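S.K.: Dock chain B against the given chain A, drawing on the hints supplied.
So you can see what is in the structure, the chains are spelled out below.
Number of protein chains: 2
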Amino acid sequence: MLDYATLFRPDLPPAAARWNGFPRFNFVGGHNDADCVPVEALIAAAAKVLKREGRSLATYGLDSGPLGYRPLREYIAGKLDRDAGIKCSADQVLITSGSLQGLDLVNALLVTPGDTVVVEQMTYGGALTRLKRAGANVVGVPLDGDGLSSAALETTLKDMKGRGIRPKFIYTIPTVQNPTATVMSEGRRREILALAENHGVPVFEDECYSDLVWGGARPQAMRGMTADDRVIHIGSFSKSIAPALRIGYLVADWTVMSRILAIKSDGGSGALEQMVLAEFCREHFDTHIVTLRKALRRKAEVLMEALTAQFGPVAAFDDPAGGIFLWVRLPDAVDTTRLTQVALESGVAVNPGAEWMTNTVAGQRRIRLCFAHPGEQVLRDGVARLAEVCRREFGVPVPDPKGHR
Amino acid sequence: MLDYATLFRPDLPPAAARWNGFPRFNFVGGHNDADCVPVEALIAAAAKVLKREGRSLATYGLDSGPLGYRPLREYIAGKLDRDAGIKCSADQVLITSGSLQGLDLVNALLVTPGDTVVVEQMTYGGALTRLKRAGANVVGVPLDGDGLSSAALETTLKDMKGRGIRPKFIYTIPTVQNPTATVMSEGRRREILALAENHGVPVFEDECYSDLVWGGARPQAMRGMTADDRVIHIGSFSKSIAPALRIGYLVADWTVMSRILAIKSDGGSGALEQMVLAEFCREHFDTHIVTLRKALRRKAEVLMEALTAQFGPVAAFDDPAGGIFLWVRLPDAVDTTRLTQVALESGVAVNPGAEWMTNTVAGQRRIRLCFAHPGEQVLRDGVARLAEVCRREFGVPVPDPKGHR
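Note that the protein sequences, when read in sequence, are chains A and B.
Adding 37 to a residue's 1-based position in the first sequence gives its number in this note's numbering.
Adding 37 to a residue's 1-based position in the second sequence gives its number in this note's numbering.
Bear in mind the hints are in silico, worked out from the structure with no lab data behind them.
Do not take every clue at face value.
Heads up, simulated DSSO-like pairs for lysine-lysine below, C-alpha to C-alpha not over 30 Å straight-line [stated by the list, open to error]: (1) Lys331/B to Lys116/B; (2) Lys169/B to Lys88/A; (3) Lys331/B to Lys85/A; (4) Lys85/B to Lys88/A; (5) Lys169/A to Lys198/A; (6) Lys331/A to Lys124/A; (7) Lys116/A to Lys331/A; (8) Lys116/A to Lys88/A; (9) Lys169/A to Lys169/B; (10) Lys116/B to Lys85/B; (11) Lys331/A to Lys85/A; (12) Lys85/A to Lys88/B; (13) Lys85/B to Lys331/A; (14) Lys88/A to Lys195/B; (15) Lys85/B to Lys331/B; (16) Lys88/A to Lys88/B; (17) Lys124/B to Lys336/B; (18) Lys331/A to Lys88/B; (19) Lys195/A to Lys169/A; (20) Lys85/A to Lys85/B; (21) Lys85/A to Lys116/A; (22) Lys116/A to Lys88/B; (23) Lys124/B to Lys88/A; (24) Lys116/B to Lys336/B; (25) Lys198/B to Lys169/B; (26) Lys195/B to Lys169/B; (27) Lys124/B to Lys169/B.
All values derive from a computational prediction rather than experimental measurement.
So that you can see chain A by itself, here it is in the shape it has in the complex (with noise of 0.2 Å):
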């Protein structure tokens, strides 16, 4: 047998735990509406695609060239165009594996062991996890109802130039931030890039979920806001279509993208999805994802009207932008991190705050509860275990003296 704990980079993460399936009570993952998955629509599109351009499945990256599968960029420009104000050509578009790629990529054309990084205080955990594998000191800044706070950013900026720091950017979700699912209005977006222009420091902007706003209009984008390469924008499929499609996009001119693709070395994404959602979108994406939203909406409803009935006012959460989580506080007696393990034990998934927080100790007031994938009764029936084990462990919430809960 080889030792092979002698040859490992010392640097690795903790070994991934065996998977075993996913948890009856499953709100953590980002997963998406089964039933909302267009499949009828997609079959179609697969077979009228393949049969006009299959063969081309022979070359890599088809015959698009490195930044992926050119009509499905040119949909994507188009519409960027229309619904976020950005313009942009197919050439300023790179597809990528996921709006996860994006975020590799953008840490790895910029970060350094030792650099800072700007984030909001609550943000998407694999996107901490991430930063701090690369080596990055993570700053967060305080995020108020609209969302990212520019008092904060300015002043935690200033106070870095006092330093002598430079971030290497500012890392934003805007548009159904996560995990507090609000909407960054255009009049903070622009006090955002004022600021980061003051401080030449790159805005990061990540619009994953941004066609889930639930009146559908999202604000302008932020890198519409402005004419050069200032932001850095990545959108995705992920949240709006179906995630295990893994497409993702990156929006940059040629000085960014340029770099970028030196990095990336995967010799293109997945061609089918490329094909089959260029195909799919320009019919379908908009009538999609209004039936989409609906029944997140409605899902977003059954998940809120649970926690009332289960936790009352034990537990606060505001009513979600849009999306598909919820961001809960729990009251001081409440340790989420322990109750997420002790949960999982009786079939229930959450997300604990403290991944979702710069500030971890706060974040143990916290979770985070995803509710596009399960059905309206496991969404309900989830919830009332989780208040279950909730009380068992932590006392609250406190049992209704007449036997309701």
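M.R.: Only chain B this time, still in chain A's reference frame:
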């Protein structure tokens, strides 16, 4: 304007060049035969599997977890048992985005800057690029007609041991070696394995061309010759079905796999490719591959005939045992790095040998010609054009005094 030059990581590779379409005579890139893409069967497979399981696209990893779509892993485990003499379970198979991701993952698992890695003196250029980028000290070992020389490997390993160096792994392409297109005998494989065992060094076995041995049968894989985790094995469907699908696989035990999974941060490989391949392969792989091998063999013959006709004895090469490329030696008068540049200006793309060898000076006498994608006439015309350029620049091949070439 942001000055990105001051923000980029200092160790980035050079910026990518803009892509302007494929050159007219394209002998690079590992593309496949477009006529052999089984378009109709892929369409049928897509319809069938999506109708049955399309809803599962709503979950990351389908319902199969982070190793990849289980039916594809089961198919691969069965195929490796039948074709490569590897006994493994579906839980020892990880689906990767092409075998390229396998290279990236193994490097990320084992290589710290300054580490030594042993490779074949002539080997895949992309592996060399990746290892150098990872900071490895890359040591090339000579090959003979049977692939990696065990005698030379023994000398190298002993010499390293004497200097207190334990390489992180031995990277080898045993079946249809890239670029020499030889197939390593089972005897040689056992010798290499014994040496690796004696020196406590893992073997990283890249079998991505192993389905393309002309006769069909391939030797047992080294992974199949040991009961333990000494060999990490990778393979691919890029060469046997279509490169744009980006589906490869990695075989390892849990000690290694659990660490690789922890660094595979992409949220899974493309689901459509995995689903469609699993569905297609069960029914059609074995007949498809016979057709493909015949078509590739025919193209190899056309290329060899064209080289003989245009270059005569000036171009030396061995008849390949399979695969999609020919490894050609030109006279000392020819600098193939320069030839590559001027040929490209005439629309002929070839791989300069210097990119495929650890000894870049020796590589300047070699070129690699990929023959799977161009049509027969393009192969002939491209070789004629290449001969013209070579004659103009280096005086060889000498024109036939009778006016023939």
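S.K.: All hints are to be evaluated individually against the structure, with a verdict given for each.
M.R.: How the hints compare with the structure:
1. For the hint linking Lys331/B to Lys116/B, the alpha-carbon distance of about 21 Å falls within 30 Å, and the restraint holds.
2. Of the pairs offered as hints, the one joining Lys169/B and Lys88/A is violated, with about 41 Å between alpha carbons and a cut-off of 30 Å exceeded.
3. Only pairs whose Cα atoms come within 30 Å are accepted, and Lys331/B paired with Lys85/A is accepted, the gap being roughly 29 Å.
4. A C-alpha spacing of about 16 Å is found between Lys85/B and Lys88/A, which places the hinted pair at or below 30 Å, so the restraint holds.
5. Between the alpha carbons of Lys169/A and Lys198/A the distance comes to roughly 22 Å, so the proposed pair stays at or under 30 Å and holds.
6. With a CA separation close to 29 Å, the supplied pair Lys331/A and Lys124/A stays within the 30 Å bound.
7. For a cut-off of 30 Å, the pair hint linking Lys116/A to Lys331/A stands: about 21 Å separates their Cα positions.
8. Taking the CA atoms of Lys116/A and Lys88/A, the gap is about 25 Å. The hint holds against a cut of 30 Å.
9. Taken as a hint, the Lys169/A and Lys169/B pair is honoured in the structure, with Cα atoms around 24 Å apart against an allowance of 30 Å.
10. The hinted pair formed by Lys116/B and Lys85/B meets the criterion: a straight-line CA distance of about 22 Å does not exceed 30 Å.
11. Restraint check for Lys331/A and Lys85/A: satisfied, since their Cα atoms lie roughly 29 Å apart, inside the 30 Å limit.
12. Proposed proximity of Lys85/A and Lys88/B is supported: the alpha carbons are some 16 Å apart, at most 30 Å.
13. About 29 Å separates the Cα atoms of Lys85/B and Lys331/A, which keeps this hinted pair within 30 Å; it holds.
14. Of the supplied pair hints, the one linking Lys88/A and Lys195/B is violated, its CA atoms being roughly 56 Å apart against a limit of 30 Å.
15. Proximity of Lys85/B to Lys331/B is assessed by CA-CA distance (about 29 Å); at most 30 Å being required, the pair is judged to hold.
16. For a cut-off of 30 Å, the pair hint linking Lys88/A to Lys88/B stands: about 18 Å separates their Cα positions.
17. With a C-alpha separation of about 34 Å, the suggested pair Lys124/B and Lys336/B falls outside the 30 Å cut-off, and the hint is violated.
18. For the hint pairing Lys331/A with Lys88/B, the CA-to-CA distance comes to about 24 Å; that is within 30 Å, so the pair holds.
19. Proximity of Lys195/A to Lys169/A is assessed by CA-CA distance (about 23 Å); at most 30 Å being required, the pair is judged to hold.
20. Restraint check for Lys85/A and Lys85/B: the C-alpha separation of about 15 Å stays at or below 30 Å, so the hint holds.
21. Restraint check for Lys85/A and Lys116/A: satisfied, since their Cα atoms lie roughly 22 Å apart, inside the 30 Å limit.
22. The suggested pairing of Lys116/A with Lys88/B holds, with an alpha-carbon distance near 28 Å, which does not exceed 30 Å.
23. Proximity of Lys124/B to Lys88/A is assessed by CA-CA distance (about 37 Å); at most 30 Å being required, the pair is judged violated.
24. A hinted pair counts as satisfied when its Cα atoms are at most 30 Å apart, and Lys116/B with Lys336/B qualifies at roughly 27 Å.
25. About 22 Å separates the Cα atoms of Lys198/B and Lys169/B, which keeps this hinted pair within 30 Å; it holds.
26. As the CA atoms of Lys195/B and Lys169/B are separated by approximately 23 Å, the hinted pair is consistent with the 30 Å bound.
27. In summary, the hint linking Lys124/B to Lys169/B is not supported, as the alpha carbons are separated by about 33 Å, beyond the 30 Å threshold.
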